[in-house]
Structure formats: C-alpha cells, structure tokens
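Visitor: Sequence:
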Amino acid sequence: MINSVSSGMSMPGMQSSSSGQQKLTTEQQTLMSETLSQFDPDNLTEADALSIVETFSEAGIQPNGEFADAVAELGYDAKEIGDLAQVSEEGQRPPPPPPPQQSSEEITSLVDYLSELVEETLATSGSEKLTDEDKESILAQVFEEFNIEDQSSIINTSV
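Numbering (the UniProt record's numbering), first residue to last: 1 to 159.
For each label pair, taking beta carbons as the anchor points, the in silico distance ranges come out as:
hint : residue 1 : residue 2 : range
1    : A47       : L130      : 39 to 49 Å
2    : E34       : S109      : 51 to 61 Å
3    : E80       : E34       : 17 to 27 Å
Since the hints were made in silico from the structure, they are not lab data.
In this text, a Cβ means the ideal position worked out from N, Cα and C, and glycines have one as well.
Please take these sequences and the hints and turn them into a complete structure.
Guide: Right, here's the structure in full:
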C-alpha cells in the first residue's frame with residue numbers, strides 16, 4: 001500500500017510537520033498536479049503508474065497521509081497508483097527476474113567456434129596477427145552463428 005509507506009530519511013526541499021511526516025512543498029504540490037493532469041484516473045495503466053512514481057520519487061515526494069490526500073483531491077487513488085506500479089511496502093519495485101543463465105556447453109561451443117574462425121583467418125591471410133577488419137569479420141560471424149544482437153555481450157557476465 002503506497003500511502004502506508006514511511007521513510008526514515010529526509011529529502012531536500014521537504015519540511016517536517018508536527019506529526020513527523022514530510023510536508024509537501026508548494027513546488028511538489030504543483031508538480032503532482034501537473035504530472036497527474038497528463039493521465040486519465042479512470043484508465044491508468046502500469047506504464048502510467050510507473051511514470052508517476054518515478055516523477056514523484058525524483059522530486060523527493062514521499063507517500064504519506066498528506067500525499068494520499070493531495071492525490072485524492074486530484075481524482076486519483078494513491079494505493080491504486082502504487083499497486084499498478086508494483087511498489088512494495090518499502091516503496092521499492094520488486095527486483096526483475098534474473099537473466100537466463102548460459103550453460104558451460106554454450107560458452108565452450110562459442111569459444112571453439114571463435115578459435116576455429118581465428119585459425120582459419122590466420123591460415124588464409126598467411127599472417128601471425130589479425131587485422132582490425134579480420135576481427136570485425138570474425139565477430140560478425142560469431143554474432144550471426146549464435147544469434148547475438150550487435151549491442152549484446154558475447155558472454156553473459158551478470159550474476
């Protein structure tokens with residue numbers, strides 16, 4: 001629930017009220033109004049909610065009672081925005097799923113293919129060194145053989 005989230009850290013530009021919650025500044029209230037006016041409260045999508053949460057977060061706007069009231073005055077439900085954006089009780093989105101793991105067989109296959117291409121290219125050129133053109137050609141062949149996008153890494157190094 002987004003309106004039950006509390007924070008122990010103070011954001012710049014926010015003042016504490018007597019209840020201990022962060023008080024919205026005039027600038028933050030204006031930003032909230034301008035941001036929410038770009039969306040339809042009856043047809044809010046996940047992408048809309050994510051954009052709203054990101055904008056508010058970047059402005060140091062933290063969900064609390066005053067926040068929920070201000071959002072409600074603008075025709076929105078703070079809880080619905082948080083639910084659509086998949087914001088947890090701690091105010092964070094859940095982590096994305098881990099990327100698929102590469103098997104050692106895939107890596108071995110790639111290395112074997114790469115070695116084969118390097119040996120063939122060196123034998124064909126009669127040289128002991130690869131030119132930049134040779135390297136680009138080999139890389140293009142590896143990308144094509146293993147269906148790797150141009151901007152991707154050959155080996156998945158994420159943990």
